[in-house]
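Trainee: Residues per chain, in single letters:
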Amino acid sequence: MTTRPDPTPLADWVASTREGIRDGRFPARAFNDADVHALEQERLFSKAWCFLAHESEIPSPGDYVTRYIANNNLIVVRDENGEVHANLNMCRHRGNVMCKAELGNASHFRCSYHGWTYKNSGELIGVPYMKEGYEGRLKRKEWGLVRVRVESYEGLLFGCLDPEAESLADYLGDFRFYLDLYLKQGAEGVEVHGPPDHWVAETDWKICAENFAGDGYHTPVAHQWGFNLGYFPSSGSTHSQGWAVHVPGKGHGIGLGHSPNFPPFGGFPDELVEDMRTSLSPEQVAVFEKTRTAVGTVFPNLSFLMQPFSLVPGEPGVRFVTMRLYHPAGPGRMEMYSWCLVPRGADQAYKDEAYRCYTLAFGQAGTFEQDDFENWTKVTRSAESTMVRDVDFPYIMGMESEPDPEFPGPGTALVPYVNDTNFRNLWSRWGDYLAGEA
Amino acid sequence: MTTRPDPTPLADWVASTREGIRDGRFPARAFNDADVHALEQERLFSKAWCFLAHESEIPSPGDYVTRYIANNNLIVVRDENGEVHANLNMCRHRGNVMCKAELGNASHFRCSYHGWTYKNSGELIGVPYMKEGYEGRLKRKEWGLVRVRVESYEGLLFGCLDPEAESLADYLGDFRFYLDLYLKQGAEGVEVHGPPDHWVAETDWKICAENFAGDGYHTPVAHQWGFNLGYFPSSGSTHSQGWAVHVPGKGHGIGLGHSPNFPPFGGFPDELVEDMRTSLSPEQVAVFEKTRTAVGTVFPNLSFLMQPFSLVPGEPGVRFVTMRLYHPAGPGRMEMYSWCLVPRGADQAYKDEAYRCYTLAFGQAGTFEQDDFENWTKVTRSAESTMVRDVDFPYIMGMESEPDPEFPGPGTALVPYVNDTNFRNLWSRWGDYLAGEA
Amino acid sequence: MTTRPDPTPLADWVASTREGIRDGRFPARAFNDADVHALEQERLFSKAWCFLAHESEIPSPGDYVTRYIANNNLIVVRDENGEVHANLNMCRHRGNVMCKAELGNASHFRCSYHGWTYKNSGELIGVPYMKEGYEGRLKRKEWGLVRVRVESYEGLLFGCLDPEAESLADYLGDFRFYLDLYLKQGAEGVEVHGPPDHWVAETDWKICAENFAGDGYHTPVAHQWGFNLGYFPSSGSTHSQGWAVHVPGKGHGIGLGHSPNFPPFGGFPDELVEDMRTSLSPEQVAVFEKTRTAVGTVFPNLSFLMQPFSLVPGEPGVRFVTMRLYHPAGPGRMEMYSWCLVPRGADQAYKDEAYRCYTLAFGQAGTFEQDDFENWTKVTRSAESTMVRDVDFPYIMGMESEPDPEFPGPGTALVPYVNDTNFRNLWSRWGDYLAGEA
Amino acid sequence: MDRDLVHDVTEFLYREALALDERRFRDWLAMLTEDIRYEVPVRVTREGLADWELSPTSRIFDDDAATLEVRVRRLETDFAWAEQPPSRTRHYVTNVVVDPTEVAEEFLASSNCFIYRSRGDSPNPSFYSLARKDVVRRTADGWRLAKRWAAFDQSLINAHNLSIFV
Amino acid sequence: MDRDLVHDVTEFLYREALALDERRFRDWLAMLTEDIRYEVPVRVTREGLADWELSPTSRIFDDDAATLEVRVRRLETDFAWAEQPPSRTRHYVTNVVVDPTEVAEEFLASSNCFIYRSRGDSPNPSFYSLARKDVVRRTADGWRLAKRWAAFDQSLINAHNLSIFV
Amino acid sequence: MDRDLVHDVTEFLYREALALDERRFRDWLAMLTEDIRYEVPVRVTREGLADWELSPTSRIFDDDAATLEVRVRRLETDFAWAEQPPSRTRHYVTNVVVDPTEVAEEFLASSNCFIYRSRGDSPNPSFYSLARKDVVRRTADGWRLAKRWAAFDQSLINAHNLSIFV
Ligand code: FES
Ligand code: FES
Ligand code: FES
Ligand SMILES: [Fe+3]
Ligand SMILES: [Fe+3]
Ligand SMILES: [Fe+3]
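Top line first, the protein sequences correspond to chains A, B, C, D, E and F. Under the working numbering, think of the first position of the first sequence as 1, with each following residue one higher. Under the working numbering, think of the first position of the second sequence as 1001, with each following residue one higher. Under the working numbering, think of the first position of the third sequence as 2001, with each following residue one higher. Under the working numbering, think of the first position of the fourth sequence as 3001, with each following residue one higher. Under the working numbering, think of the first position of the fifth sequence as 4001, with each following residue one higher. Under the working numbering, think of the first position of the sixth sequence as 5001, with each following residue one higher.
Next comes chain A alone, as it looks inside the complex:
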């Protein structure tokens, strides 16, 4: 199929790129190239577990959202029995789009072209003129909506186009330990505060994924205005303190930033802290109580950030959590989905303040988000220059560091927080997929 890019021309490039990653180099070209994009669609996003939605977005039977894997629009729906399905949003008769909304509730979907009707689970149940037209020869059960695998962890729903792929549990592996920081804020866990911000940017998804895999290095400069206005207790000099943790061979990674004399679980409401000390494991408590900023990426393109923030600089503030999906929408182009997760158990006032902090700092108009996307868009622009075809970037931080033996969590933890190690792990996993060896 010619829309499947012939991998050959890129094979050499992929091989030398994987070699470079081992040596602490990564090619600029990867961040904006039509062939690389096509290969990612083919080899990565059609095989990896891709995030779809949070269960709190579709709590009741019939609730659905429409989301994408690669350029495939999927109906992510909870059926009448409470089971979640992801089906291609395309009628099997002539390909019309079944569901034209991004969010809603429906027991059935009826096609607006010739009227084929499906249960929300995807089963075909209605075909006009079955007798006159099809003389009864059309077998309904062969013509249901095209299904996609769905699995979940702690409310996170993922889909996978590859029937052979490993389970989500194996795919996430030890990174679940760190996801719990975001997802187990108290016994009741978390919920989305509302529908996500959703916007497009001329940015390569990988730049965002890398940045959120623990790029503490950019904060003092990219967000210098925040230090300037007094938003951060840490100064540029103390900023590097903390752990960079990655799960070898999986691609996942997280940065856990510390601050001088930061109170345990600082910024969480007290009652939640009590909860967490019980709902989390002792190892998780040991790691998380010291953590001021936690910024991590689930390979390939789902990220989380938790940090304390205040509406007015200098005040203690509250913890907000943002979850974001970097959906590739072409070479050097993406769609950003950005959610705010709040603790189900917290009172409404805390949730609302956390949300306002999120909107001021992140989301499309967020004062930190703004500068990140400006820089990321500029990186993307540079990466398409013909002169950068043979230019590599340096990824050597932490190459000679030993893991922290004291570290109580799983995976490999390095100090300082300012480190390239998570990124090498991220791109080497990416290289496995592009080489067809994942």
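Treat the hints loosely; a few may be bogus.
Stated by the list, open to error - Capping the alpha-carbon separation at 27 Å, the derived lysine-lysine pairs in DSS-like fashion look like this: (1) B:K1290 <-> A:K131; (2) F:K5147 <-> C:K2351; (3) B:K1351 <-> D:K3147; (4) A:K351 <-> E:K4147; (5) C:K2119 <-> B:K1131.
Honestly, the hints are just simulated from the structure, not real lab data.
Based on the hints, put chains B, C, D, E and F with the ligands in the right spot on chain A.
Mentor: Below, chains B, C, D, E and F with the ligands alone, put in the same frame as chain A:
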């Protein structure tokens, strides 16, 4: 030439697609794919007879319209002797566009760059500085506008880029019998009511061509509002009555819809009916007098629709005829030309009412057209999803039906009207061209 | 590297094209084709000397402008020692754009992402967390901005991506003799009147380059309104007088138009004329004093035009000089840079009048420029038609003419001024590059 | 023209546009006279000297009160797929100039109308530009639109359909 | 509504837009009331019959005087990279319609706002269309903006960031 | 400012735009003073702190009555190819704000001007956004334009030519 797509990568796909058509399957991918589009430009539109204009658009010497075959802009002009020519709208000196209007009258075309001048027939007659510059060595007759073959049937002007192609008469074959319903409304035939609606849509031309090749199946649902407001005598249940007729091996097809106790030639003005009973053959009368709705496609991308319609639901109304060309303008993109044809012999009041019915129902703001293009655009969107690469649609209606032995017309007629047979014929001809076997 | 177009499919086309040029033919397709564009990026613009800026745009230390070669954004800057550098405008750490302005002054560039800091010369001098992050292992001198070769002639700064390319002096060769007409207006030479007009057009750069290589043929028709309003002393008939001069094997060419009883150096201020008679060589004086219009192209895409012009038709007017760069920005698309050069030595009133003449005649709103771009955009549109793939344009003017033996300048001079010889020379050099034989 | 009258006509056109953009189609019908003429001619690219560029015979819309009622009733059904989900339109009405007509209570209102239209989750909206020459009538119940005449500034229109009002 | 009042509110909105487009952000803050509410809801594509398309809980902007002050102070630093170089914005404010509220000195001002935004040397500007339902208050010092409520006419917004005010 | 004066200046600017969009260039010239200055500066992308972004020396248009007459006479010939076929322009003039100048009968009129331009059968129109700072003069024969100053909100302009007036 590299702008000619190398057919090889698609060869297997074309072969399996042709096989599938025989078995009642057609691939979703065909409706939105860059390679398929390129192959259609190369193998189909550069070889088939493509509609250009109706003679009534250029009645007098010097009258011209500019139209396209593939992405070639052509001047379709009537010369001083009344002969119609189609010439590439490009100066042979340095390639400037000669004629920048879509419609007009000119005896000569003078280039705005260096002043080469051509007769409206395309002959080069004026070259500045022939002596000083060319020292008389430029041979005018070698540098006329590039010509395209033109042939016509009953006022329909077609062009063909292939000098070897069969004649238009052979190309249309028995379908001329059915075209007469639209073109021979009375002894004087038909004329365009005015210039066509012209708009762009992110729609694949084939979806429209198939729909107008007799997709009675979509009407009760796609145009359900019309039934809802009382626009149709037939109910959903009786709607399937009528014939689906195709010309085997040619690709052309038409749907002839009937309605319970529908008066012979209902909706035509009486004087026209008299005319038609004489101007049409007995077989044509036998077929057409029962026909309420006639919707057909001349392979590949010219369609016609005739039906009675009223400005206010429930009234008897009049017959209007729309002729439409689906001009491919890129993968999954087209330009729509939509004309209203009126009987030359009818009085102005009838023509004007027929035209107002056309604008209310069809044309860019037409209430039926609106929903068709919404559905078609959505089908096109679905077809580019990576997941549909190996997804086929069912085309099995009528696969086991016997032709109606009673049917008085040429070609193969099946009942019911709701049928896929015309579509299989349409796409198998399309397959012949893509395989280079037309 | 797959972003490097495989030359093979075009190899035959390039070969036959070069042969055609020798025989006085050039293919329409060259003026708008994705593959040809890709090959030009690869074989031509990555090897030829490309114009960057005029020295008067960056007179002082730290002054910079950002310009492009191919799609590479370059910082063209004068360092603290007065030396001019051209560096890729990309941070070596992660590829951020360093300098976001088109014009300015800076001693250093600090990256807005992680804070790497470079001297304006491109040297890396500041790396945050060098100790904590890089453990001192990053070698600054290996990570400076990517450099591009820069050489200049009489204030014209050129850049070249090819380290092996010949010197600029050799590249320009004898064409320097003719550049002096534009650049040595008086002992002090010329300066830009201000920043250039800068706009995009759906036009192939080659059409402009050819036109300015001496297309006297288009003037009477393309700019007929000017004759109509009495802007030109020459009539259409006398217009062809003058020389067409090219530098064989280099691609450069110029048209030197004469007018009946035109005063020597007519239109120049008297004091400048005195200057020029001394600052120019006797041969240059002999050639230039008769020249009314001088329009030339430095291969591949830098052009100059000098002519007398008046704000109101019929008045003597003054000489203005425009310099323009046709920057390819995709197949059939370009960015136009248009400067007005004025004699440094002239008084401000003369400079200002010359500039106003420039704006009325050329520049984006110029009354002559307007029509040129209209025609050029239309040529570009025609060139992408599938039917023109095998269509050649005639380039036979002057093919059998002998060079003018009396001509005092270097290169090959033909009469009349209306001639295709310069164009054949231009495209044969272009063919050398596309064949990899430059 | 009297400044108050210009002000009132302008406000009327703004409120009419608001009714359309808020999809209050019944309110909108109520702003029209019973003898409303609603016309949008087809444009054809012609040379500068041509006698017409707007077709004297072809229309995109050629409506009266009865057919506009049909269009609105259609939109009120659940089956107007072209507007499922609804288009998000914004009618930017500018350059309102008012002139008298031969009829005492009727005035010619010229305006520019830029329409922004976005659908579903597409990040690429459509833009339409129209010149409008309307006739507004002063009635006992206030201002009414007696004629809408609007011409697209395009001959090849970039809209897959026109399921909206201009 | 009183014509002079409509005129004055309209002029106020124009001068407010001018302050933004000329980047006089301090002047702009001075045009707001101390209890300003500045809200831009998140839009989600829903079916025609859905109870909401503008999210009741999600906001792109959810600001008050204190947070707007933070945004402006940020822009006043040399480190607001998102606006280096500054966006060139042009707020096309049209269709201003004024209606009374329950509060005597406060009025509801509905308007359309089309924003043109160009950055750096890109020839491709961004266009945003918003419906605005503002509340303006007449004070002793003149008109002030008491509430800005603006909704994008898009659910998937074509802006890499929103470092501007709407 | 006096509301009637603002109204009259606004109407004048609308009628001026209408003359341009209806290609009544002679009418348009008659709306200009004899000492008209018609200027469009070249914009260059600069950093936020730069002293200028609009070039002090470079102009796209730098016209007076005599050169504008030349431009119009050119358009009146049959050889102005750039406008064959004519551009379809629509000048959306919004946000008109009027302020006094030192000269009694002259007023500064600031406005936003969004220009829609479509040519031939292309479905892709061009859009230009300009800030205008005009000077209008009250004369015995009515309002006249004494100065047009307009700046494109782009440094790299997406127009193959500017054969239109802004
Ligand atoms: S496309 Fe859905 S029923 Fe035909
Ligand atoms: S391009 Fe037509 S005469 Fe030269
Ligand atoms: S990208 Fe420039 S410092 Fe990191
Ligand atoms: Fe950041
Ligand atoms: Fe239909
Ligand atoms: Fe020219």
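Trainee: Indicate, hint by hint, whether the structure satisfies it.
Mentor: Here is what the structure says about each hint:
With a C-alpha separation of about 24 Å, the suggested pair K1290 of chain B and K131 of chain A falls inside the 27 Å cut-off, and the hint holds. Distance restraint check for K5147 of chain F and K2351 of chain C: the Cα-Cα separation of roughly 23 Å lies within the 27 Å cut-off, and the hinted pair is therefore satisfied. Among the hinted pairs, K1351 of chain B with K3147 of chain D is consistent with the structure: their alpha-carbon atoms are about 23 Å apart, no more than 27 Å. Distance hint between K351 of chain A and K4147 of chain E is fulfilled; the C-alpha atoms sit about 23 Å from each other, no more than 27 Å.
Restraint check for K2119 of chain C and K1131 of chain B: not satisfied, since their Cα atoms lie roughly 61 Å apart, outside the 27 Å limit.
Of the numbered hints listed earlier, the single one contradicted by the structure is hint 5.
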